[in-house]
Amino acid sequence: MSLKALIYKELKELLMEKTILIGVVLMPLLLFPTIGGIFSFTMMEATRVEEIETVTLAVNDLDEGEYSSFLIDRIRENNVQVIFIRGGSNLNELFDKGIAAFIEFPREFTENISAGQKAKIYVFYNVKNAKINSLISISKVSGVLSRAYQSLSEKLAEEIGIDLGFLSKPIEEESNTFYRGDVLNYPPTIIVNTILSSVYGLPLVALIVVGLTATISATSIGLEKEAKTLEILLTLPISRLKILFTKMLASTIIALIGMFSFGVGFGIYLILAFSRMGSLQELSSMSGDIEVFTPTVFLFPLNSTAIIILMLIIFIAMLLTMSIGGILVGVLAEDVRGSQQLVGATTFLPMFPAFFLTAFININELAFPVSLLMMLNPYTHLFRAIDYVSTGKYLEAISATMVTGLFTLVFLIVSAWLFSGEKLITLKVSLRKKKEIS
Amino acid sequence: MITVNVVDLWKKFGKIYVLKRLKFKVEEGEIYGLVGPNGAGKTTALRILATILKPDKGDVYIFEKSVVKDTKIVRRMISYLPEDVGVYKHLTGREFLKINGLIQGLRDRDLKEAIEYGVEISGLGELVDAPLGSYSKGMRRRIMVARTLMSKPRVLILDEPTSGLDVEHAVYVRRLIKDYVKQTTASCIISSHNMLEVEYMCERVALIKDGAIIVEGNPRQIEREYDAENLEEVFIKVVRK
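Heads up: the sequence lines are chains A and B, in that order.
Counted from 1, the first sequence has number 193 at position 193 by my numbering; the numbering is strictly sequential.
Counted from 1, the second sequence has number 1136 at position 136 by my numbering; the numbering is strictly sequential.
Calculated directly from the structure, the hints in this document are not laboratory data.
Keep in mind that a hint or two might mislead.
To be verified - Simulated pairs of lysine-lysine, DSBU-like, Cα-Cα distance not exceeding 35 angstroms:
hint, chain 1, residue 1, chain 2, residue 2
1, B, Lys1112, A, Lys242
2, A, Lys120, A, Lys97
3, B, Lys1012, A, Lys228
4, B, Lys1015, B, Lys1057
To be verified - Simulated coverage check for chain B against chain A, where a stretch passes if three residues somewhere in it have a Cβ under 8 angstroms from a Cβ of chain A:
hint, region
5, 1043-1056
6, 1062-1076
7, 1102-1111
Since we're looking at a predicted model, the values are computed, not measured.
For every residue, glycine included, the Cβ atom is placed at its ideal position computed from N, Cα and C.
Given the sequences, and given the hints that come with them, work out the whole structure.
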């Protein structure tokens, strides 16, 4: 009952605290949908059909030959209005009228092509501003021209009896990838991208959430110190471990609520932001070789329930470690501000070397003092555990998780020691050192 | 019957001794006052009694249980009111009393009665269901005193119980504590700067200076001994010595 009462107290005090409520719960719910909404609105405005469909090109055909006429016809087939300019032209005047691009065919255009030589055309794109609608207009012109050139290539090949499709790509490669003892019918780039996104994409989300947990738990101690409620709490007939446990649990629950809030907010962002992706893809496909957005396909190995459970265990183990780590930092600090500053320094500082070193090199191959330092960093074991799961080394993943558990235990013992003594009252790590006794 | 026995208490912070050979005894049903200038060691002594700080030497026995060795048992017998104590601003007064009751091991009927008693002595009426963050300083002190008394502790440790209160609230709190001790025969140790308060409430007082008691006894006896009209005069004479 006393445990339930303490958890209730912790949750209510933390959730009603403005910095936690706004920063952890409300901000992701408001921020991401707002960004998504703005992005979606911007795309909608930028890709307004009437604007895109009225792309106009100015053409000065000095050649007036077979091939320049052929190209102009192909351009017109793509809903592009063509205005013919005769003689000299003033670009300023043209572009002021909203012309997207000006194309000039030189006199010897058809002649050069007929002689088997490369022909030149001059294209002047009108960049009205550095905004998305300008980019879209340029992409459309560029795409239309690319397809017109392709049509001309096919026409020329046909005229001399060559199979252009065969010549441009005489070999068809069927890509397979050998990975972890299996042959997979996918190109290696897809496999590597998938592994990278699962191994290093997930930790990035994990980083945000575990960092959040440490901040929340440090805040919970900071709040007690700042509100001067700690002295009474410490004289009550309840074990220090119970106090610590409830703080750890409450911080973890709030971090999970924050993670849920983050997930919902980010989901809404994706829906809003990429709802306009269809029209963008359509435009991009017009421009030929421009690569379009492809959602990451989670092929393996994260589609197994057992692996997802294992990942959750790793994640929760890390949450608990960070939660108690945050409490430890909170004990050392003087107030909420101090605890949050200390958490920033002690949490995020070791986080990034662990992430990058685990991502790019094998920790075991590092020189001795550096490898030891990395092993003493709890984040290293989080990233190693995720890395092991993604490469199918489940036993190693469990052992890395157990090391994380060991860190939790050590933090818990140190925190309980600090709680049982008078250090909780007297210890103050601050730039401004002051001690008042009476 | 001796309920609180402070034996040869020493405590230092860094290299400075805050308490030096402090010793006193408190009887059942007695209100014992600790007075002294700032930095004399009053709060440190009360924090040791309340099991928050540990003495470097010596011990305190509460109903013959050591505050150092039998901490858990001692915590069930005492109730501590710090001088500068805050509130959980998002809990209501009633929630705060309930959580304290639960942590102090009260259940069912005992818990309900303790909460009702706490609500009654706080004198907050319907405001007991308002968040503590909305309370005035006086109201906060009253809910804190109610919390201290609600579980019917056998030993009260009160550090400046009326600190920062206006006359009306201060009188209310003093009367509450005095009535409680009279009704329950609990022992009470009070630290205060207010000599009138100490004179009104305490059967015996101890004047502390530099971590040791220099004068102890009944307020009237001490006044006679020092040929003073009140405790304030005694205090000035002793401190200036």
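Each hint, compared with the structure:
{"no.": "1", "hint": "B:Lys1112 x A:Lys242", "verdict": "holds (24 angstroms)"}
{"no.": "2", "hint": "A:Lys120 x A:Lys97", "verdict": "holds (26 angstroms)"}
{"no.": "3", "hint": "B:Lys1012 x A:Lys228", "verdict": "holds (23 angstroms)"}
{"no.": "4", "hint": "B:Lys1015 x B:Lys1057", "verdict": "holds (15 angstroms)"}
{"no.": "5", "hint": "1043-1056", "verdict": "holds (count 8)"}
{"no.": "6", "hint": "1062-1076", "verdict": "holds (count 3)"}
{"no.": "7", "hint": "1102-1111", "verdict": "holds (count 5)"}
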